[in-house]
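There are 2 protein chains.
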Amino acid sequence: MSNPSVFSAESYFATQPPPPTLQTDVIGVRTFISKQAEQGRKVVLVTSGGTTVPLELNVVRFLDNFSAGTRGATSAEYFLKAGYAVIFMHRQFSLQPFSRHYSHSTNPFLDFLEIDSTSSRNATSEINVTPSKRPDLLQVLTAYKAVHAEGTLHTLTFVTVNDYLWLLRAVSQEMSILRRNAMYYLAAAVSDFFLPRQKMSEHKIQSGKGSLHIEMDQVPKVLKPMVAEWTREGYIVSFKLETDLSLLIPKARQALQRYGHQVVIGNDLHHRKHRVVLVYPSSLSPTSISSPASTPCFNHVPLSNLPDGTGSVEIDGILADTSAGQYTESWIEIDPSLAASGTKEIEEDIISELLRRHQSWVAAAPSAQ
Amino acid sequence: MSNPSVFSAESYFATQPPPPTLQTDVIGVRTFISKQAEQGRKVVLVTSGGTTVPLELNVVRFLDNFSAGTRGATSAEYFLKAGYAVIFMHRQFSLQPFSRHYSHSTNPFLDFLEIDSTSSRNATSEINVTPSKRPDLLQVLTAYKAVHAEGTLHTLTFVTVNDYLWLLRAVSQEMSILRRNAMYYLAAAVSDFFLPRQKMSEHKIQSGKGSLHIEMDQVPKVLKPMVAEWTREGYIVSFKLETDLSLLIPKARQALQRYGHQVVIGNDLHHRKHRVVLVYPSSLSPTSISSPASTPCFNHVPLSNLPDGTGSVEIDGILADTSAGQYTESWIEIDPSLAASGTKEIEEDIISELLRRHQSWVAAAPSAQ
Chain A
19 MSNPSVFSAE SYFATQPPPP TLQTDVIGVR TFISKQAEQG RKVVLVTSGG
69 TTVPLELNVV RFLDNFSAGT RGATSAEYFL KAGYAVIFMH RQFSLQPFSR
119 HYSHSTNPFL DFLEIDSTSS RNATSEINVT PSKRPDLLQV LTAYKAVHAE
169 GTLHTLTFVT VNDYLWLLRA VSQEMSILRR NAMYYLAAAV SDFFLPRQKM
219 SEHKIQSGKG SLHIEMDQVP KVLKPMVAEW TREGYIVSFK LETDLSLLIP
269 KARQALQRYG HQVVIGNDLH HRKHRVVLVY PSSLSPTSIS SPASTPCFNH
319 VPLSNLPDGT GSVEIDGILA DTSAGQYTES WIEIDPSLAA SGTKEIEEDI
369 ISELLRRHQS WVAAAPSAQ
Chain B
19 MSNPSVFSAE SYFATQPPPP TLQTDVIGVR TFISKQAEQG RKVVLVTSGG
69 TTVPLELNVV RFLDNFSAGT RGATSAEYFL KAGYAVIFMH RQFSLQPFSR
119 HYSHSTNPFL DFLEIDSTSS RNATSEINVT PSKRPDLLQV LTAYKAVHAE
169 GTLHTLTFVT VNDYLWLLRA VSQEMSILRR NAMYYLAAAV SDFFLPRQKM
219 SEHKIQSGKG SLHIEMDQVP KVLKPMVAEW TREGYIVSFK LETDLSLLIP
269 KARQALQRYG HQVVIGNDLH HRKHRVVLVY PSSLSPTSIS SPASTPCFNH
319 VPLSNLPDGT GSVEIDGILA DTSAGQYTES WIEIDPSLAA SGTKEIEEDI
369 ISELLRRHQS WVAAAPSAQ
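In order, the protein sequences belong to chains A and B.
So in the working numbering, the last one in the first sequence is 387, and the numbering has no gaps at all.
So in the working numbering, the last one in the second sequence is 387, and the numbering has no gaps at all.
No lab work stands behind these hints: they were computed from the structure.
You may find that some hints are simply not true.
[What the hints assert, rightly or not] Mimicking DSS-like on lysine-lysine, the simulated pairs with C-alpha atoms at most 30 Å apart in a straight line are:
no., chain 1, residue 1, chain 2, residue 2
1, B, 99, A, 258
2, B, 362, A, 99
3, B, 362, B, 258
4, A, 151, B, 151
5, B, 217, A, 151
6, B, 151, B, 99
7, B, 99, B, 258
8, B, 258, A, 217
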């Protein structure tokens, strides 16, 4: 067995091949951004879905991260509704804004189309939408058509973690001309490990006898160069998913400390549909702006039954500074039954809070943008 | 590192836990089969899509096999068209019959719905299908409604290789009462490896430091017990996918020799949309039935530029008997440009050939069914 290599972001991009469509994708993004900049729109990059790690050169088997892409697809819709332009960078076949309402598995659209037999003597029969389904479809369709007419949604597709990393860097660099008007909402579930191209043949899976051994290297932490090099004062939102709730806030604070970005949104696996926590440096607290009166389910104080995460905690063998004064948490919680029935989506409140914070961030620019 | 265990099908089912929905699924399948048997319909089990191997108990990371499920979803439609009842057992979110024509990525249905603004003074506007899209949609929709009205399609969902194995055994056993009227069309891309539940905590992925090591065990070969124990004279079609074309026929013959089933359909990764080979024991050749005149692209002899696979070949360290007399191949090939444009689907010819062979199989029953 060979020793694992340690890849910095720099050595990663120096040794791993770019995806073949990168140049074309970058040109599309550049055109989109310049159009939005002309029209004075803020632009958000929303990443969504899981990444794969191919285990063979002829890709049949791969390691995958679970994510249907619900958070990203839903959030993109609320950003669009608020007037942002959205670069939606998602895993192929993961959920997308608008069409997400009509999953082929849970809400197949063929079920609410009807064939009008009264006009069957014509060359082609008419197809009608079931009346009970019409209002919902009309709402989705109206928003979808408006976004397409305005040209405010640009979709990019990735499959592997390598596609993702190359695209993320390229799009971030393109967006940097927007300075504080750019937001980065990194909701994709990215693999921590990958198989360097140079090791791929060596690691080829032995089928037909014995067991399977795979050895992988760590994916470099790209938030650091993203903050320091790829973007310029962009507003960066990262995500943490934990199954152990007591680690959520300490780990979120540790990420802010390490990478120096603006917000971590903490989810725990089993409650992420109705409860998240926003963790941010206290210096960025928009205290001068009053809380919105229209979101009654919104909490700015930790709920009493949740750990507050203060003190110091050992994470990955490092004693993390989690002093409460330096970081602030805002809990966002909605009624779980409303979330389960689809009556209310927590992303509506998340985006509403982020818009407020992004506005403060733009207003706090040292010089006019 | 522990030694890999060798699992027989028997020891697999004795040690791995059944999926929680198995009982409910079996009851649904039993009802479906008895209804079809009453109506004298043949029933085919179509498996489709890839399986996952969860690497952690809280499933975030998993090993996956690539498969969109095109072959299975397309084939299911042609079986339904031919009057078969179909149990469609597929990977969650993989393609399904009928809705497969309207992928959210490549052919989103929202694009061909229009809002009728002339009637906008009504409480709800009308939604119309774009006229140019109407004929195709009408055709799909008509077939979809007919299948639902007749109740000839039953859908089951799996995610992990463990779900798949338990479901396959249970459904096969339920279908065995149909005897020769049952066909099994095993198009799913099933993992060769899995992580036994008992080793899961031991194998928990170490995130945050160093590299990732995974060690997995081999999935038992279930075709053998499927032929010998789970089914009774059912017509079993398995699939082989190879990237090395010269191995395709020898491996297909080896599978028939080992497991004793009826047909292997051989695909090579890059040409599977327009060329496959059916390999079967020569004793099952339906020579008394003439070739269908209506399929001009159909070839019963190997194409001149393809290896004929005769002789003996070493596979997995075993010298395989590939004597040409014992096995016969039928190549099915369609014009690649018709396949690429979607004008013609190779599954139409595959199913047509299988129906003919299944009919011979039913007719050759030792006693009346």
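Which hints, by number, does the structure contradict? Numbers 1, 2, 5, in rising order.
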